[in-house]
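K.L.:
Given the structure of chain A, go ahead and fit chain B onto it with the hints provided.
First to last, the sequence lines map onto chains A and B. Residue numbers for the first sequence follow my numbering, so the first one is 13 and each next one is one higher. Residue numbers for the second sequence follow my numbering, so the first one is 13 and each next one is one higher.
Each statement offered as a hint is correct.
Since the list gives no way to pick out one identical chain from another, each pair is judged satisfied if it fits inside one copy or across any two copies.
Here are the computed lysine-lysine pairs in the DSS-like style, where the Cα-Cα straight-line distance is at most 25 Å:
(1) Lys285 with Lys214
(2) Lys269 with Lys241
(3) Lys263 with Lys214
Please keep in mind that the hints were generated in silico from the structure rather than gathered at the bench.
Protein chains: 2
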Amino acid sequence: MAADPSIAAEAEAFFRAAPPLRDRDHIAASLDDFVARHSAGSGGAGGPAGVVCITSGGTTVPLEQRCVRYIDNFSSGQRGAASTEYFLKAGYAVIFIHRRGSKQPYCRFIPEDSFLDLFELGEDSEIQVPQSHSAVVKTSISNYRKAIDEGMLLKLPFTTIFEYLQLLQMVATSMNCLGHRGMFFLAAAVSDFYVPWESMAKHKIQSAVGPLNMQLNQVPKMLFILRKKWAPLAFCVSFKLETDPNILLQKAEMALKKYGMDVVVANELANYKDVVVMVTNSGRMTVSRRSKEEDLEEQLTKLLAKMHAEHASLPKSEDHQTHAN
Amino acid sequence: MAADPSIAAEAEAFFRAAPPLRDRDHIAASLDDFVARHSAGSGGAGGPAGVVCITSGGTTVPLEQRCVRYIDNFSSGQRGAASTEYFLKAGYAVIFIHRRGSKQPYCRFIPEDSFLDLFELGEDSEIQVPQSHSAVVKTSISNYRKAIDEGMLLKLPFTTIFEYLQLLQMVATSMNCLGHRGMFFLAAAVSDFYVPWESMAKHKIQSAVGPLNMQLNQVPKMLFILRKKWAPLAFCVSFKLETDPNILLQKAEMALKKYGMDVVVANELANYKDVVVMVTNSGRMTVSRRSKEEDLEEQLTKLLAKMHAEHASLPKSEDHQTHAN
Numbered sequence: 013m014a015a016d017p018s019i020a021a022e023a024e025a026f027f028r029a030a031p032p033l034r035d036r037d038h039i040a041a042s043l044d045d046f047v048a049r050h051s052a053g054s055g056g057a058g059g060p061a062g063v064v065c066i067t068s069g070g071t072t073v074p075l076e077q078r079c080v081r082y083i084d085n086f087s088s089g090q091r092g093a094a095s096t097e098y099f100l101k102a103g104y105a106v107i108f109i110h111r112r113g114s115k116q117p118y119c120r121f122i123p124e125d126s127f128l129d130l131f132e133l134g135e136d137s138e139i140q141v142p143q144s145h146s147a148v149v150k151t152s153i154s155n156y157r158k159a160i161d162e163g164m165l166l167k168l169p170f171t172t173i174f175e176y177l178q179l180l181q182m183v184a185t186s187m188n189c190l191g192h193r194g195m196f197f198l199a200a201a202v203s204d205f206y207v208p209w210e211s212m213a214k215h216k217i218q219s220a221v222g223p224l225n226m227q228l229n230q231v232p233k234m235l236f237i238l239r240k241k242w243a244p245l246a247f248c249v250s251f252k253l254e255t256d257p258n259i260l261l262q263k264a265e266m267a268l269k270k271y272g273m274d275v276v277v278a279n280e281l282a283n284y285k286d287v288v289v290m291v292t293n294s295g296r297m298t299v300s301r302r303s304k305e306e307d308l309e310e311q312l313t314k315l316l317a318k319m320h321a322e323h324a325s326l327p328k329s330e331d332h333q334t335h336a337n
Numbered sequence: 013m014a015a016d017p018s019i020a021a022e023a024e025a026f027f028r029a030a031p032p033l034r035d036r037d038h039i040a041a042s043l044d045d046f047v048a049r050h051s052a053g054s055g056g057a058g059g060p061a062g063v064v065c066i067t068s069g070g071t072t073v074p075l076e077q078r079c080v081r082y083i084d085n086f087s088s089g090q091r092g093a094a095s096t097e098y099f100l101k102a103g104y105a106v107i108f109i110h111r112r113g114s115k116q117p118y119c120r121f122i123p124e125d126s127f128l129d130l131f132e133l134g135e136d137s138e139i140q141v142p143q144s145h146s147a148v149v150k151t152s153i154s155n156y157r158k159a160i161d162e163g164m165l166l167k168l169p170f171t172t173i174f175e176y177l178q179l180l181q182m183v184a185t186s187m188n189c190l191g192h193r194g195m196f197f198l199a200a201a202v203s204d205f206y207v208p209w210e211s212m213a214k215h216k217i218q219s220a221v222g223p224l225n226m227q228l229n230q231v232p233k234m235l236f237i238l239r240k241k242w243a244p245l246a247f248c249v250s251f252k253l254e255t256d257p258n259i260l261l262q263k264a265e266m267a268l269k270k271y272g273m274d275v276v277v278a279n280e281l282a283n284y285k286d287v288v289v290m291v292t293n294s295g296r297m298t299v300s301r302r303s304k305e306e307d308l309e310e311q312l313t314k315l316l317a318k319m320h321a322e323h324a325s326l327p328k329s330e331d332h333q334t335h336a337n
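Chain A extracted, bound-state conformation:
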């Protein structure tokens, strides 16, 4: 994997032209604090498992500076939210970079838009949950409070591709000090195309007469920069989603090689909840859900944690830089 100055230059240009992230200083402070608290672990059998950055949900591409319209990438955030729960259970500290409004850890069971349907008031105005949901709601509140109170979960929201990539850069450079103990689990659906901020319409595009024509630029391949510059020692897992099964595995292999990922998880839109293929340098492994009651993410995160532990115990010369070539 040779350095590619053109990708680096494109990435720099992208960040230079992006609208600055709001609350950047505040985010940086809580991030550095979080990473520092979890940097002491040994990664050994008894010590903490490590820190995983999970990205989740889709990014938007604004079409207007005062944004009324945007292009969006479909992703419920189910994969990222479920995986956050299982990585926390396995002892990981989790930085959850998520799309605003996407699925959240410990809330996945809630029927969409019907949060209030879960509750009723008792005779003394106390809040009650119908018997049918009582156990799951209580377990969720308890697990969530534990993760927050013990400082194991940091949630960072994004909406646009500009916010997402700036957050990813901040988290990755901050996690660099963790070396092999860091993991990236890049499940967010990131836009391939965008409209550069400076060339964007300032006001709402008028429907006026006739069809609308748009030209979109390619988003720089940031996975490459993440691996090469921001966090070169981390264990990197990216996701490939396609609707056409005929090109899926081939595209996953390409991503593995091109970006030096440790694992590319290939999934198809039609059945991503039931089966995925983990593509690595040592081969492919199919992971299937064994029953409707089981989350695929339970197996997936277990396998990844195991591979990450092996990665973290490798001597330096054996790290990804070798097997990515």
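P.N.:
Here is chain B on its own, set in the frame of chain A:
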């Protein structure tokens, strides 16, 4: 307002080519039942206030048939959710056509993505709400349960422009039997452009090489069909959102005339929570929020309910068909 055969033909072509609505029969049944239960009201001082169809949130335009990418219209759904609460309070039955995941009535106070932050478990594992939020959460649960249990609220979700327009057509034709007692409060942010289903990419668009070019068609002007064909006697309120204040009122006046609306509510993205202008055939009226604690929708819905009552008591010859010309 003369009939325009070309708009009607465009609308027909749009519906013919749209992917069919899922659960259409089930939705039709609950809709007809809801309207029938509320059709008996007199509209007089003591009787029910009427039925209002509120549309809320933004529509998406899929760019691929197996949808990974789509264009979206920004709208939190705040306006529609708040107005639903106030119309219910005023005695209206409400059909709430809303974007999945947008703001819901009685849930507006919840910090985004932090529903679980509202709750904790007591010593006996009972669900508690911190003192600071207790009153508001309890009032919300109580008001929501009342609306549902008394059959005053019907929630119908959509995501795409195809789903939205099919739902609107079903609701409008079903509400036609209510005559003047029906109201439409069209706050949804509806796409002006779309990709016709049959010309849409079947699979995910590949990022391959170079920029992406897209051509989008105009969505037929359904407000015109709503007014002319689906529910000609209803009281119709539409919304106009612009980012450029210089063209806002002019565009609102145009919509009033062109589509025969009774009211067009003009709002600017920069301050839509603080001030709107109601544009009608008898002039303009500015509605401003009097304090940070007040919802603008409280005043807005009161004024509209008053105008609707006047509309409902008009003799037939005085209906919109006259003043829309």
